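Chains R and D are the protein sequences, given in the same order.
Okay, so the first sequence: first residue is 1 according to my numbering, each after it adds one.
Okay, so the second sequence: first residue is 1 according to my numbering, each after it adds one.
The reader is advised that the hints may include incorrect statements.
[Said to hold, decoys possible] The following label-pair restraints were derived from C-beta to C-beta distances: (1) R:R105 to D:V17: 37 to 47 angstroms; (2) D:F13 to R:D28: 19 to 29 angstroms; (3) D:G39 to R:A257: 52 to 62 angstroms; (4) D:R129 to R:R278: 40 to 50 angstroms.
[Unchecked claim] Calculated Cβ distances over 10 angstroms to all of chain D for the following chain R residues: (5) F81; (6) S85; (7) R117; (8) L129; (9) L136; (10) E172; (11) H194; (12) D195; (13) P220; (14) R226; (15) S238; (16) P240; (17) L270; (18) H284; (19) G330.
[To be verified] Some chain R residues close to chain D (C-beta under 10 angstroms, calculated; not the full set): (20) E30; (21) E288; (22) G313; (23) D314.
Because the hints were derived from the structure by calculation, they are not lab data.
Small disclaimer: the values here were computed from a predicted structure and weren't measured.
Just so it is clear, CB atoms sit at the ideal spot from N, CA and C, and this is done for glycine as well.
Chain by chain, the residues:
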Amino acid sequence: MSEIRLDHVTKTYGETVAVESLDLTVADGEFVVLLGPTGAGKTTTLRLIAGLVAPDAGRLSIDGRDVTHAPPNARNTAFVFQQYSLYPHYTVYDNLAFPLRAPGRKLSREAIDAKVREVAALLRIDSKLGNKATRLSGGEMQRVAIGRALVRTPAVYLMDEPLSSLDAKLRESLRVELKRIQIDLGSTILYVTHDQTEALTLADRIGVLEEGRLVQIADPRTVYERPATTYVAKRLGSPPVNLLPAGSLGIADGPAATATIGVRPEDVVLGRAGPEGRVLTVEHLGAETVILVEVEGRQVHALAGAHDDHRPGDTVSVGALVDRVLYFDGAGARVAGSSAPVDAAAGA
Amino acid sequence: MAEIRIDRLHKAFGDFVAVVESTFTIEDGEFFCMLGPSGCGKTTTLRIIAGLEHPTSGRILLDGEDVTGLRAGERDIAFVFQMFALYPHMNVRANIGYPLRSQGAGRAETRQRVEETARLLRIEHLLDRRVSSLPGGDRQRVALGRALVRRPRAFLMDEPLGTLDAEFRELMREELRQLHDRVGATSVYVTHDQIEALSMADRIAVMRAGVMEQVGTPAEIYNRPRSMYVAGFVGSPAMNFLAARGPVAPGAETVAVDGAHVPLPSLGEGLDHDDGQLGVRPEHVYLDDAGPLRGSVFGVEYMGTRQILTVDTSAGRLRVRAPNDARVSIGETVGLTFRRDALILFDGRSGLALGQGPDGPGEAAGGVHV
C-alpha cells in the first residue's frame, strides 16, 4: 500500500504561512494534482512530503508509517523537478541506471539493464540510450528525468511542474503518456502545477490551494462544475468563468444569499434573450470562437462553435443557460442553485 | 497608416539563409501575423522591415516608397520590444512622453499627445503614478503607449506576450486586437503561438525555414492548409494524419485507410504513388460504432467544455475532440467516423495537400460541436 497522509500539517516561514493545517490523503494508485498560483503552498507541500523541509506542526505518513521526522532517504519517494536534473556527461543509459547503482541497492547488472530498458521503452527514449544527455532535445531530457524516477519504483512519486519547461506540443503528448504510464503501473503520484489543463487532464482528484489552505479537493468534473468558491471557479476554464453581480444577464432567480453569479463562457447565450451588449472582439480559434462582449458595463466572454459570425461592434443580447449558472454568496462560497448542473451530466 | 511591400527579400548570415526570396504585401491597416517555430525567419523579416537589419537583397516599400536604404529611425515605424522596457523611476506621463521629448517636441504638444494616447489605452487615471508601482498589465499598456504616442505608420511586435503567464496572455490578446481596431495602424506581429495568430490576425503567414509556406486568413490557414506542415502547426491538438493508401485517381471519392474506405470530398487531383496522408482535425472525428475505422482508447483527457481522446488505430494515433458527456474508458475499442467535407488528403512525399474538386472544404467547414 502506497498512501500519503498529511494531518494538520503547518509550515511557516517567518510571518508567512506557506501551508496551513493541511489535511490531505493521496490513496494508493491515485494521481492527485495540487493546483494554485505561485505562493499558494504547492511546492512547500511537496517538499514537506519529500522531507526537504520539516513541518512546524502536524503529522506526515507514507505507507502508513509516520515519517514526520524521517530523513528524505528513508521516505521511499522519488522527486521529479521542474528543471531536468541530469548528469550531462553521462549517457541516457547511465542517467537512468544511476539511481539503481546506489551502493545500498545491490542490484545485479542484468536486473539494472532490464529495468533501464523497460523504462526507456515506456518513455520512448530507447533509441537514445547511447546518447549523452547534452545531445538530447528538451522533451527527451525531461523524459529521462521522469525515467530516473520511474526506474526506482518508490512508494510515491512527487512531481513539481515537470512539464512546464516544454513547448506546447510536447507537453500535450507527454501529458497523455504520463497519465497512461501512471494507470498502467498503478503509481501513486502527487503532482503540483499552476497549469489548469494539466490538472484537469491528469488528476483523479484536483486539490485547489489558496494561500496555504486546501479550498476544495474533488474529481476534475466536480471541481469544474461545482466549484466550492469563486476562487476555485476562476482557477479552471479558459476563457475564465464570468463572475457578475447577482441579477446580471437577466438572471433573477437564484438562492436568496446570492451576491455573485458565475457563468462559464460556454453557457453564455448570444442573440436570444437578456440585456443588450456590444461585441468587442471575436477570436476564431479554429474549432471554437471566443467572443468578448460589453454588457451592463462589464466584459463577458462567450464561447461558441467554429461557425460563429459575430463581428466587433455588433449589438447583441446576452443571456445564459439558467440551469448551469453558479451562485455565490457575499463571501464567495457557492450556494446550491435550483438544479446542480453536474447531476444532469453525471447521470448520462 | 501604411502598406508594407516586401519584394524578393533575401537574407543570408554566412552559410545560413534566414529568409529566402520572400515577396508579400501587408495591407494598410491590417493586423498581419508571421507564425512559425524559432529559426523560421520571422524575426529576421520583422527586423528588416524595421530597418534593424539589412537584407542581402530585395526591397522594402512603405506606401510605395523604397525605404530599404533608410535607417530605422527614418522609417516612421514603431518596434515594440520586450514590453517592460520602461523607466521605473519615472511616472507614466514621463514614460509615454519620452519619445516625443527626445525628438524635441514642446511641452504643450507632448502633454496633449500623451493624454490622447492614455485615453486610447484607458490609463488616463494612471498618468501621475510611478511605473514601478503598477501591476504587470498596466506596465504593458504604458509600454504600448510609448510606441503609440509617436503615431507611427506601422507597429512591429516581436512575441510581445511571450513572457506573460497564460491567463494574462489571453487578456492582452483581446486588448491588443481592440487597440488595433481603435488606432487603425498597420500591425505586424511575430509569434510561434498559433492561438495568438488565429485569434488576432487578419492574415497569417506561416513560415518554415525562411520560406512563406502559406499566407491567408486564419480560416483559410485552419480549414484549407496547403501542406502538412501548416496543418500540423495550427490547431490544438494539431491535425491528425492517418496513413492512406494510394494511388488515388482524380475524382476519387474514397481513400483506403487501414483497409477501410473512407469517403472523401472529390479530388480534382490524383495521387500516383501509395504514400497518402489523410488529414483530419480532432473536432471532425466522431465516435461511431458503425464508423469505418476502429481503434483502442489510449487516453481520455477531461477539459471542462470538452474531452480529448487519444485513440490508437493501425493507421496511426488520433486525437479526438469529444463532447464532455461522452463516456469512454481507457483500453476500450471504439469506432470512428469523419466529417467528410472537412477531410484533406496530402501527398505524403511532398507534404502538399491534393487539390480538391468543387465540393472541397470551404472556409466555413468547421466543427459542429464544441
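Outcome of the hint check:
no.	hint	in the structure
1	R:R105 to D:V17: 37 to 47 angstroms	violated, 53 angstroms
2	D:F13 to R:D28: 19 to 29 angstroms	violated, 57 angstroms
3	D:G39 to R:A257: 52 to 62 angstroms	holds, 57 angstroms
4	D:R129 to R:R278: 40 to 50 angstroms	violated, 29 angstroms
5	F81	holds, 20 angstroms
6	S85	holds, 24 angstroms
7	R117	holds, 22 angstroms
8	L129	holds, 23 angstroms
9	L136	holds, 17 angstroms
10	E172	violated, 6 angstroms
11	H194	violated, 8 angstroms
12	D195	violated, 7 angstroms
13	P220	violated, 5 angstroms
14	R226	holds, 12 angstroms
15	S238	violated, 7 angstroms
16	P240	violated, 7 angstroms
17	L270	holds, 14 angstroms
18	H284	violated, 5 angstroms
19	G330	holds, 25 angstroms
20	E30	violated, 15 angstroms
21	E288	holds, 5 angstroms
22	G313	holds, 9 angstroms
23	D314	violated, 13 angstroms
Hint violations for this structure: numbers 1, 2, 4, 10, 11, 12, 13, 15, 16, 18, 20, 23, all remaining hints satisfied.
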